[in-house]
Structure formats: C-alpha cells, structure tokens
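> Listed below, chain by chain, are the residues.
2 protein chains.
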Amino acid sequence: MKLYTFAPAANALRVEMFLREKNLELEKVSVNVREDELFKEPFNSMNPFNCVPFLELNDGTIITETISICRYLDDQFESPKLFGNDNKEQAIIDMWNRRIELDGFLPLLHSVRNKTSFFKGKVVPGTRTNINQSPEIVERGIEMYKILLDRIDPHLSKNKFLFGDKFSVADITGHFMFNLSNILKIDFEQNYKNIYRWKLEIESRPSNPMANNI
Amino acid sequence: MKLYTFAPAANALRVEMFLREKNLELEKVSVNVREDELFKEPFNSMNPFNCVPFLELNDGTIITETISICRYLDDQFESPKLFGNDNKEQAIIDMWNRRIELDGFLPLLHSVRNKTSFFKGKVVPGTRTNINQSPEIVERGIEMYKILLDRIDPHLSKNKFLFGDKFSVADITGHFMFNLSNILKIDFEQNYKNIYRWKLEIESRPSNPMANNI
Chain B
-9 MKLYTFAPAA NALRVEMFLR EKNLELEKVS VNVREDELFK EPFNSMNPFN CVPFLELNDG
51 TIITETISIC RYLDDQFESP KLFGNDNKEQ AIIDMWNRRI ELDGFLPLLH SVRNKTSFFK
111 GKVVPGTRTN INQSPEIVER GIEMYKILLD RIDPHLSKNK FLFGDKFSVA DITGHFMFNL
171 SNILKIDFEQ NYKNIYRWKL EIESRPSNPM ANNI
Chain A
-9 MKLYTFAPAA NALRVEMFLR EKNLELEKVS VNVREDELFK EPFNSMNPFN CVPFLELNDG
51 TIITETISIC RYLDDQFESP KLFGNDNKEQ AIIDMWNRRI ELDGFLPLLH SVRNKTSFFK
111 GKVVPGTRTN INQSPEIVER GIEMYKILLD RIDPHLSKNK FLFGDKFSVA DITGHFMFNL
171 SNILKIDFEQ NYKNIYRWKL EIESRPSNPM ANNI
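Heads up: the protein sequence lines correspond to chains B and A, in order. Residue 112 in my numbering is what sits at position 122 of the first sequence, and the numbering runs on without skipping anything. Residue 113 in my numbering is what sits at position 123 of the second sequence, and the numbering runs on without skipping anything.
Isolated chain B (complex conformation) (with noise of 0.2 Å):
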C-alpha cells in the first residue's frame, strides 16, 4: 500500500494526522502539485480528479477523497476507531465530520482558492482553467463559517470533542477547518468560548502536523 501525497497541501496534512492518531507509517511517494506532476503520467490516470492525497493498494485499486481514504484505513486496522466502534457511534461521527466538512471546512477552502493569489487559474481543485476568483464565493464562505460556529458552540458546552469524550475524524476535520480561517483573525475565546476549548485541546495533540509551524 502507497500513499501518494504531497506535504503542504491541506488534505494531505489530514491524512497525515490521521495515520499519526492511528500509529499506522505507509509508504509514501511525494507528488510535486505545484509542479503540475498531477496532470503528467502516471499520476493523471492514476487519479484522473488531479488531487492529493490518494492511496493504492496493493492489487493497484486507487482510493482517492481524503476521508474515503482514512475511513478505509480506520477499517483495515485496529484501535483507536476515529470513524466509531460500532453502527450508531459510525453514523453520529459521520453525521459531525459532514456538518464540520460540508459547512465550514468546504466553504472556507473555496474561500482561500477565490481570494489568494496562488490559487489564480487553480480555483477549483484539481483543475487548471481561467475559471475566475470570485468574491462573492470568498464572502459566502466565511458566511457559513459563521453560522456553524454559532450551531456548534452550544454543543461543545457538553461535550468535550464533537462526538463526547471521545476524538475522532470530524474533530481532525474541525482542526484543518480552523487552520484554513487563520487568516480571519476570528476572536474565539471571546466570541466562542467552548469552541475555543475545543480548539486548543485538538492543537496540543501531539499528532498536529502543524504544532511546529506556529
């Protein structure tokens, strides 16, 4: 099993805390994307989305998404379970790691890629086109942002990650959601006090691949 990726982008460094929390070291072979390696042989057919991460398994089977590539990882190998033990923990995890992803981790990376200038001509992932930035993206974006942080605030009040005493992947997803709204200087333990807790418990885990950047 090889783990195609390449170290700074955002998903990669999902997976990589990932496999940290999981004590799990996969071969890995490092795509150049700023390069445009993605788009060359054999990378293109390999994953025709043009995205990092993505993982190939030992009969050549290609799973790319970061999440479908964790998930698959949390099943193939043993504790700690960061997608749940059972069914119901399974479905109230995936349930945290869709809301955290689709409304506030997604949202805002479409916000970075129509705002800075190294995303120009890249604003889609995968993709490289003359599709323009677009500032009303940007704006909805952090839009979002703001309306699931009021949402989860409340819930993190009782609960120490977003799925109770126990880490698992949507709190990984919250922590790379955080990252990419660095840039917005948002007051959380003014405006948000449990999600400020929250915040910095995840921070200090010894498995954030960022701990030695800030």
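Don't take every hint at face value.
The list cannot tell twin chains apart, which means a pair is met if one copy fits it or any two copies do.
Unchecked claim - Derived BS3-like pairs: lysine-lysine, alpha-carbon spacing no greater than 25 Å straight-line:
no. : residue 1 : residue 2
1   : 136       : 105
2   : 105       : 12
3   : 136       : 30
4   : 110       : -8
5   : -8        : 175
6   : 105       : 148
7   : 12        : 78
8   : 183       : 110
No lab work stands behind these hints, which were simulated from the structure alone.
Once you have looked at the hints, place chain A on chain B.
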C-alpha cells in the same frame, strides 16, 4: 426508529430512493419545512441544523445528514449493500459518492438556492437569513458540474454504474444531481454519450421516486 422527513425535499427523495432499493419501510413523521416547522420544538432541539431528513433511533439518538442516515441503514440491514460488501468496495463507493456529491450535487444545490426566488431568505440550507442570492455562486456551480461531467464520461464508457456492474448509493447521488440540473437543458445525448446511457439506466429503476412526476 422513525424518519423525520418532508417528501418534496431533494434530500428526502434521496433517502426515499435508498429505502426502496433496500426494500425497507420505516415509520415516517412529516415535518412541514415550508411552514418553518423545523425551527419550532421539538424539531429544533432534535436537529439544531434545521434540515430534513433526520432519523431518530429507538434510544432517542438523532442521526442527521442524508449519507450518514443511509450508511447506518445499510450497515443495519441486509442486502443489497449499497455502500459495498467489504472494506475495499466501501472505499471505492465512498470515493465515487464524494466525487459526485462534492463536485456536482452540492455545487448545483447552491446554484439552485442562489437562483430561484423560492429560496430567497433561505439561501444557506437550514437557515432563515437575509444573505443575498449570489449570481457568481450560480455560475460556479454550473462550471464545477461541467468539469465533473467531463471527468466521469470516460469512466462510464467502461462501467455500467459508477462502481462497475453494481448499483450503489453513488448512483443515487448522481440521479439527484441530474435532477438539480434539469433546468440547464444539457444535451447529454449529444455531448456526454456515456453519461446519457447511465442517466437513463438510473431513471428507469422502479425505485426512482420521481418516475411518476416526469
């Protein structure tokens, strides 16, 4: 177990088609979304994200998010397994479902919510706000959808469904992506031959809840 739902909603129809494919009958409670019942009790406390559908388990646990609900039901009930039969199948189907959902279904859902007058004041799912409808988000949804169509047409020249010969939850997501794009009047037969064949294949299934409305 009870499913709280509102028959005409896009995500309610996704779960309905899934239930029909699984031959499952669930007790259903209709919540009138158009009369803002989701913002009233007991529904607001059951799902503070104010969306249908959501599932109440016998112990009172609430599962929201269409895919989390469907995955739970797939795990709990026997064949056909629409999320796959083993870890590898599950990973591939999850990957396809995410590609279709994140690159097609959701961008188009945001297009529709930012375009039609029906969604004024309800632009972000599960909210009542004065956030403006954004023409740039309408356009971006269509652009992302066309990128996805270009990517999946070759795959469907070699595969009956997204996961080879096996119908899966990813095909159901595809069906509802097409439903959101009807308004665009894309000539699939002319421009995307393989997608056209796949689209007809799914539409003709007895489980299609829109079959009588077409």
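> Work down the list of hints and note, for each, if the structure agrees.
These are the hints, each one checked on the structure:
Taking identical chains as interchangeable, the C-alpha atoms of residue 136 and residue 105 lie at most 25 Å apart whether they share a chain (18 Å) or sit on different chains (22 Å). For the homomeric pair residue 105 and residue 12, neither the shortest alpha-carbon distance inside one copy (34 Å) nor that between copies (44 Å) is at most 25 Å. Taking the closest pair of Cα atoms, residue 136 and residue 30 come within 25 Å of each other only across two copies (22 Å); inside a single copy the shortest separation is 39 Å, beyond that limit. Within a single copy, residue 110 and residue -8 get their C-alpha atoms no closer than 31 Å, and across copies no closer than 47 Å, so neither meets the 25 Å cut-off.
For the homomeric pair residue -8 and residue 175, neither the shortest alpha-carbon distance inside one copy (37 Å) nor that between copies (42 Å) is at most 25 Å. With identical chains, the CA atoms of residue 105 and residue 148 are never at most 25 Å apart, being 35 Å at best within one copy and 38 Å at best between copies. With identical chains, the CA atoms of residue 12 and residue 78 are at most 25 Å apart both within one copy (21 Å) and between copies (19 Å). For the identical chains of this complex, residue 183 and residue 110 are neighbours neither inside a copy (36 Å) nor across copies (32 Å), given an alpha-carbon limit of 25 Å.
Checked against the numbered hints listed earlier, the structure breaks hints 2, 4, 5, 6 and 8; every other hint is satisfied.
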